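Number of protein chains: 2
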Amino acid sequence: MTSIDQTNNFWVMNSMPKGANFAECFEIKQESSIEVPSGSILTKNHYLSMDAGTRMVMTDREDSYLPPTPIGEKLFGTVLGEVVHSNHPDFNVGEKLRSWGQWADYSVVDPNTMYPSKVDDSKTDLVDYVGILGANGWTAYVGVIETGRAKAGDTFVVSAAAGCTGLLVGQIAKIAGCKVIGIAGSDEKCKLICNEFGFDGAINYKSENVSAKLESLCPEGVNVYCDHVGGAITEAVFDNMALFGTVAVSGLLDYYGSSERSPGPKNYDLVLMKRLRIEGFFSPDFYRREHEFNPILRRWMDAGLIKLPIQPTKGLQNLVDAYSKLFDGRNIGKVVVEL
Amino acid sequence: MTSIDQTNNFWVMNSMPKGANFAECFEIKQESSIEVPSGSILTKNHYLSMDAGTRMVMTDREDSYLPPTPIGEKLFGTVLGEVVHSNHPDFNVGEKLRSWGQWADYSVVDPNTMYPSKVDDSKTDLVDYVGILGANGWTAYVGVIETGRAKAGDTFVVSAAAGCTGLLVGQIAKIAGCKVIGIAGSDEKCKLICNEFGFDGAINYKSENVSAKLESLCPEGVNVYCDHVGGAITEAVFDNMALFGTVAVSGLLDYYGSSERSPGPKNYDLVLMKRLRIEGFFSPDFYRREHEFNPILRRWMDAGLIKLPIQPTKGLQNLVDAYSKLFDGRNIGKVVVEL
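Chains H and B, in that order, give the protein sequences. The first sequence: position 203 = 203 (this note's numbering), numbered continuously. The second sequence: position 88 = 1088 (this note's numbering), numbered continuously.
Incorrect hints may have been included.
[As the list claims (entries may be wrong)] Label-pair distances were calculated between CB atoms; the ranges are:
hint	chain 1	residue 1	chain 2	residue 2	range
1	B	1221	H	7	44 to 50 Å
2	H	289	B	1149	19 to 25 Å
3	B	1292	H	289	48 to 54 Å
4	H	32	B	1153	51 to 57 Å
5	B	1296	H	152	30 to 36 Å
6	H	7	B	1231	53 to 59 Å
7	H	151	B	1231	56 to 62 Å
8	B	1311	H	244	32 to 38 Å
9	B	1329	H	305	53 to 59 Å
10	B	1152	H	93	47 to 53 Å
11	H	307	B	1198	54 to 60 Å
12	B	1153	H	93	43 to 49 Å
13	B	1231	H	93	58 to 64 Å
14	H	18	B	1211	25 to 31 Å
Please keep in mind that the hints were generated in silico from the structure rather than gathered at the bench. Fair warning: this is a prediction, and the values are worked out from it, not measured in the lab. Ideal placement from N, C-alpha and C gives every residue a C-beta, glycine not left out.
All chains, full assembly: derive it from the sequences and hints.
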């Protein structure tokens, strides 16, 4: 254990959020020194990655894929920083790192449990390692290519299409040769994904009938649906799935805020009628495959086939505003807090 | 077109059943001659196969996998018989045939649309061709081996376990090296599947808490679930699925009687939390693969590894009683009407 004399601001969760009332539940605090246990390292953070999936560790549901954050404890997420102190032989001061870490100026990282990965920002922006070259990029790759098994000529639909993973999913589905339709929550987002990101069509679920619009845009049915939301949007897509279609379930945003069980689509029987495959997947399962994904993603990025806008919020004290964007529809591309 | 002077009794559907009130909705009628169109054949039926899946063509739902039976028209199913008249060069009088056909003494079979298949009953009972060597056997094989991808050491659960497909699924999962738990609706059925069919455990869903019993029988979780029912039983199994488990959806018996949409399990979000694969499949998709399945199934049958009790009801006039067994829990193994 080493005690470092360093002022550190950090966020804690004082009570369990209901819905998206994060401002009431989160509090920024300060400590005047940082304890770094033996075997751990300390990073000074440059970016905090804002990811909707972390909402699930702010509930008391027992069956989440991560244990819930205890009340009063520091909040966590993916962070990008550089090593400023090391009690571990594999990590040296000055190295840039992406890892799981506290939402704080400085994070204490246990290399055995917090997935630290050294990153080289000499040829690409550091922030790309929580975008195209991070969990969102890997998730999009797996969703389209592996779980989705998308192939040329398929009709591909993605929800939360202007979000970070959604934008990448749509662009990778285009690389795979699909016709790509995005579902998003504003006309601005719908225009953007078609004009700037190559989507073939878009549906504003707040102003259009999703099922009817899908029927007109996808007369042959939907071969692959990458689902980020669940709920009514998913039901509308189920109605329009083609026989033997695939539903790659990457997120269920509609349910993250709830500690209740989350019902399936009302038309679930279509799994049998249409012989669908519905399959869940997410990034912690393939963190260890970064070395497979990133060369491919990097090549596509360098060729201009995929790009990702970054939405930075400056200052740790503004984290709640940044995080809220993921749930109130203001996010386009990757939301980060820049320190 | 040939007109054959032959008295023929047949069943028609006079009104759409609600639930299982088949006696009110079906009527047996008689005709004094049979019209056999050019290109079609006439079979004298020996067995009518009773299958729960046919319930779905007795609704007005538009998204079923088969078009609904029109009111007043003859009812259909799989039949076993012999050719008594042929207007088609590939079929000769005297040949034994399994095909889609009217529930009648004699069926008019269009070889282009009704899947006729010549069967050899010199070495096995004719009725086996609607059991182990028919759609139930193929479905069980696909459910366990292909869609289920069951492997040695897996914990495998099947619902409607004493039904025809359920019994075969359980026995094939044992061949694959799984620990097999069956869910059935009576103590008699539970005893039977364990004592006579090699299941490792059984749950009577009418008298036991399915979720609690599964938790004690499958402490490591369920790797593969072959679902024939949907509803509350499926929810209990979802709660006990292992990470990366498979739900092979072969039937949704709870929903067949309804023209309403059929809701998914209340805990559908577990598809993401546990990264499940849920996949629907059914036999019309692989009728053409009989030549692949039957040598395997025949070998297992001859080796005593799979067996199937036949529950015959004698007489076309008693068809409603036979068919009702599929929905009121009286069926054990294969239900047929013997003519």
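To see whether the hints hold, each was checked on the structure:
1. At about 46 Å, the beta-carbon gap between residue 1221 of chain B and residue 7 of chain H stays in the expected band of 44 to 50 Å.
2. Judged by the Cβ atoms, the range 19 to 25 Å given for residue 289 of chain H and residue 1149 of chain B holds: they are separated by roughly 21 Å.
3. Against the hinted window of 48 to 54 Å, the Cβ-Cβ separation of residue 1292 of chain B and residue 289 of chain H comes to about 35 Å, which falls outside the hint.
4. Between residue 32 of chain H and residue 1153 of chain B the C-beta distance comes to about 54 Å, which sits within the given range of 51 to 57 Å.
5. A beta carbon spacing of about 34 Å between residue 1296 of chain B and residue 152 of chain H agrees with the range 30 to 36 Å that was offered as a hint.
6. A hinted range of 53 to 59 Å holds for the C-beta pair residue 7 of chain H and residue 1231 of chain B, which are about 58 Å apart.
7. About 35 Å separates the C-beta atoms of residue 151 of chain H and residue 1231 of chain B, a value inconsistent with the hinted range of 56 to 62 Å.
8. Between residue 1311 of chain B and residue 244 of chain H the Cβ separation comes to about 34 Å, which falls inside the hinted range of 32 to 38 Å.
9. For the pair residue 1329 of chain B and residue 305 of chain H, the beta carbons lie near 57 Å from each other, so the given range of 53 to 59 Å is met.
10. Between residue 1152 of chain B and residue 93 of chain H the beta carbons are some 50 Å apart, a value that agrees with the proposed interval 47 to 53 Å.
11. Checked against the given bound of 54 to 60 Å, the beta carbons of residue 307 of chain H and residue 1198 of chain B, roughly 58 Å apart, stay inside it.
12. Taking the beta carbon of each, residue 1153 of chain B and residue 93 of chain H are about 47 Å apart, inside 43 to 49 Å as hinted.
13. In this structure the hint that residue 1231 of chain B and residue 93 of chain H lie 58 to 64 Å apart at CB holds, the actual value being about 59 Å.
14. Hint check: residue 18 of chain H to residue 1211 of chain B, Cβ distance near 28 Å, so the stated range 25 to 31 Å holds.
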